[in-house]
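**Q** As they're listed, the protein sequences go chains A and B.
My numbering numbers the first residue of the first sequence as 16 and each following residue consecutively.
My numbering numbers the first residue of the second sequence as 16 and each following residue consecutively.
Please note: incorrect hints may appear among the correct ones.
Pairs count within a copy or across copies, as identical chains cannot be separated in the list.
SDA-like cross-link-like pairs, simulated, lysine to any residue; straight-line CA separation at most 20 Å [what the hints assert, rightly or not]:
hint: 1; residue 1: Lys253; residue 2: Pro289
hint: 2; residue 1: Lys76; residue 2: Asp28
hint: 3; residue 1: Lys76; residue 2: Arg24
hint: 4; residue 1: Lys286; residue 2: Glu200
hint: 5; residue 1: Lys243; residue 2: Lys253
hint: 6; residue 1: Lys184; residue 2: Arg240
hint: 7; residue 1: Lys76; residue 2: Val26
hint: 8; residue 1: Lys243; residue 2: Lys298
hint: 9; residue 1: Lys298; residue 2: Gly168
hint: 10; residue 1: Lys76; residue 2: Gln115
Source of the hints: derived by calculation from the structure; they are not laboratory data.
Bear in mind the structure is a predicted one, so any value in this text is a computation, not a measurement.
Chain by chain, the residues run as shown.
2 protein chains.
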Amino acid sequence: MEEFALIERLVRDLPTRPEVLVPAGDDCAVIRAEGTGRDWLFKTDAVVEGVHFTAEAPPEKIGRKALARCLSDVAAMGGHPLAALVTVGLAQGYDPEQVQRVYAGLAELARRYEVAIVGGETTRNPGGMFLSVALWGWVPAGRAVLRSGARVGDAIFVTGELGGSAAGKHLDFEPRLAQARWLVEHFEIHAMIDLSDGLAGDLRHLLRASGVGAELLKRAIPISRAAKEAALRSSTAKPPLVAALTDGEDFELLFTVASRDAVPLMDAWKKAFPDLKLTCIGKILAEPTLVLRDRQGVQPLSLQGYQHFSRDPSGTGY
Amino acid sequence: MEEFALIERLVRDLPTRPEVLVPAGDDCAVIRAEGTGRDWLFKTDAVVEGVHFTAEAPPEKIGRKALARCLSDVAAMGGHPLAALVTVGLAQGYDPEQVQRVYAGLAELARRYEVAIVGGETTRNPGGMFLSVALWGWVPAGRAVLRSGARVGDAIFVTGELGGSAAGKHLDFEPRLAQARWLVEHFEIHAMIDLSDGLAGDLRHLLRASGVGAELLKRAIPISRAAKEAALRSSTAKPPLVAALTDGEDFELLFTVASRDAVPLMDAWKKAFPDLKLTCIGKILAEPTLVLRDRQGVQPLSLQGYQHFSRDPSGTGY
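Can you make the complete structure from the sequences, with help from the hints?
**A** Okay, here's the thing in structure tokens:
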């Protein structure tokens with residue numbers, strides 16, 4: 016069974032409560048907090064030795080990554096992080112020094128984003144280190160940006176450059192919290208998701224949740240230097256465009272706005288974030304398909320995002 | 016390095032926020048929720064294949080246990096659970112049917128206690144199944160029962176019977192949520208902890224947090240039938256009293272009240288919970304030691320609770 020099919024079965028008929036506004040299935044769960052003017056956000060994410068990092072990775076970066084993945088999900092809701100719980104599974108004969116360095120990297124990022132680390136768990140894990148973070152945050156009541164709000168005619172934007180994250184970015188990417196807050200404060204963001212499974216896969220999640228389709232402009236896809244360099248170095252590497260469409264762990268923001276907002280948004284963005292690229296990569300269609308437009312015309316985009324139990328370095332949150 | 020020493024290093028200087036009333040170190044973290052009349056509780060706990068359960072354990076009970084451990088911690092604060100996140104690490108070649116049964120057991124217990132399951136994560140874990148639950152709950156503002164409130168002269172109570180949990184109870188214990196709520200509604204509970212590391216170890220946690228000591232009455236310790244039977248079956252098993260003092264995963268409540276409340280509490284308890292034993296096992300002393308009284312007099316209790324990286328089936332939350 017492939018991973019998304021398993022998750023679909025797992026999340027069917029999960030117990031819920033009246034306060035739960037958005038259950039499993041978006042970047043974060045959203046729960047109404049009566050009397051506070053806020054909605055709560057909840058997200059959990061894990062990084063595992065031999066899956067998301069190797070034993071040689073700098074321990075500080077492993078800890079940093081575990082928290083940064085959750086922060087990226089809070090950003091994708093337009094939210095603010097508050098507090099985290101940290102679970103660490105350790106193989107027998109683990110190195111206490113390594114564990115302390117993992118924690119130090121995690122705590123440093125937490126301090127930067129004013130996240131309290133309020134508890135955790137240590138336990139044995141025979142296969143190696145397993146690091147799971149649960150994050151609690153908030154958005155102003157009713158203002159969480161979901162995957163499901165894309166509308167026909169919307170312009171599709173993506174921050175940064177895509178592909179080749181495995182060369183290094185996956186260990187030290189910056190969660191786009193400041194950018195996401197700025198976006199929701201200045202524009203009506205219809206739908207948003209963070210890129211963890213790759214552009215093609217995550218855009219499909221957003222399209223499916225919104226019941227729409229999309230056309231991407233091939234020459235607009237922002238391809239990272241790492242993806243280009245990988246293709247130059249090895250003839251068996253993915254072509255750069257394919258890497259940008261399918262590599263996991265970009266942790267950039269993908270979002271849609273009404274087409275009339277597209278130009279004002281680009282102009283304001285350049286002033287607010289002169290050092291971070293923002294690209295309009297396509298538009299939302301009524302027809303529920305994903306197509307790629309180039310000079311020759313339009314063709315269906317068959318590429319998938321990574322499936323985590325086959326070849327993906329990433330896990331799947333829900 | 017032994018586990019508690021590692022955890023002490025890890026939780027030193029963790030980032031916090033002004034809203035955090037109780038950081039890492041009690042059964043749950045407590046965070047003030049302005050405007051709601053509530054304080055939030057947060058707890059995470061994990062169960063791991065080959066550590067907390069074997070591959071032969073019924074999958075439903077594995078899922079049930081993962082959530083029940085967190086519920087037991089919320090009970091120990093006198094709190095109410097609300098919502099959970101579930102992280103599942105799976106070995107390659109995992110059985111989707113088994114995963115669905117794990118989830119079914121977890122969801123069934125969640126429904127019984129009106130806990131929403133609002134999200135999660137699936138990922139690979141080379142060593143086998145790793146199941147981590149993060150739980151969010153609440154107590155009336157300012158009413159969380161901490162480990163640190165025990166006062167000299169307090170009577171020490173424990174629910175149920177202790178020891179021998181590994182024979183079966185660890186997979187289907189009932190978290191003492193109803194009892195804990197009743198206790199905090201009817202009496203002034205000074206300090207409370209749930210028994211996960213064994214009576215001797217967890218009582219030491221409580222004494223240390225409160226800056227006090229205790230005298231236990233040897234003949235009062237409630238020993239489970241499972242602990243007695245294990246001692247009869249094998250000459251190498253722990254003596255039953257030692258099992259009751261040191262076996263992990265009892266998941267009963269240990270708490271203290273003013274001595275004047277001891278008799279009224281026992282009387283009221285028998286009416287409220289006629290099927291669950293409640294035992295006064297000793298009293299709180301000013302001197303910060305733990306001693307055991309029998310007919311010969313008083314002697315220091317040197318037994319420890321389990322250390323999780325050596326022989327304990329349990330992990331350590333903080």
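**Q** Next, verify each hint and record whether it holds.
**A** Going down the list of hints, with the structure as the test:
1. Lys253 with Pro289: Neither, since 30 Å and 68 Å both go past 20 Å.
2. Lys76 with Asp28: between (37 Å within a copy, 19 Å between copies)
3. Lys76 with Arg24: Between copies only: 19 Å across, 33 Å inside.
4. Lys286 with Glu200: Answer is within; shortest intra-copy Cα gap is 15 Å, inter-copy 57 Å.
5. Lys243 with Lys253: within (9 Å within a copy, 64 Å between copies)
6. Lys184 with Arg240: The answer is within: 11 Å in one copy meets 20 Å, while 56 Å across copies does not.
7. Lys76 with Val26: Intra 31 Å, inter 19 Å, cutoff 20 Å: inter-copy only.
8. Lys243 with Lys298: Answer is neither; intra-copy 25 Å and inter-copy 71 Å both fail.
9. Lys298 with Gly168: within (6 Å within a copy, 72 Å between copies)
10. Lys76 with Gln115: within (12 Å within a copy, 33 Å between copies)
When the structure is compared with the earlier hints, violations turn up for hints 1 and 8 and for no others.
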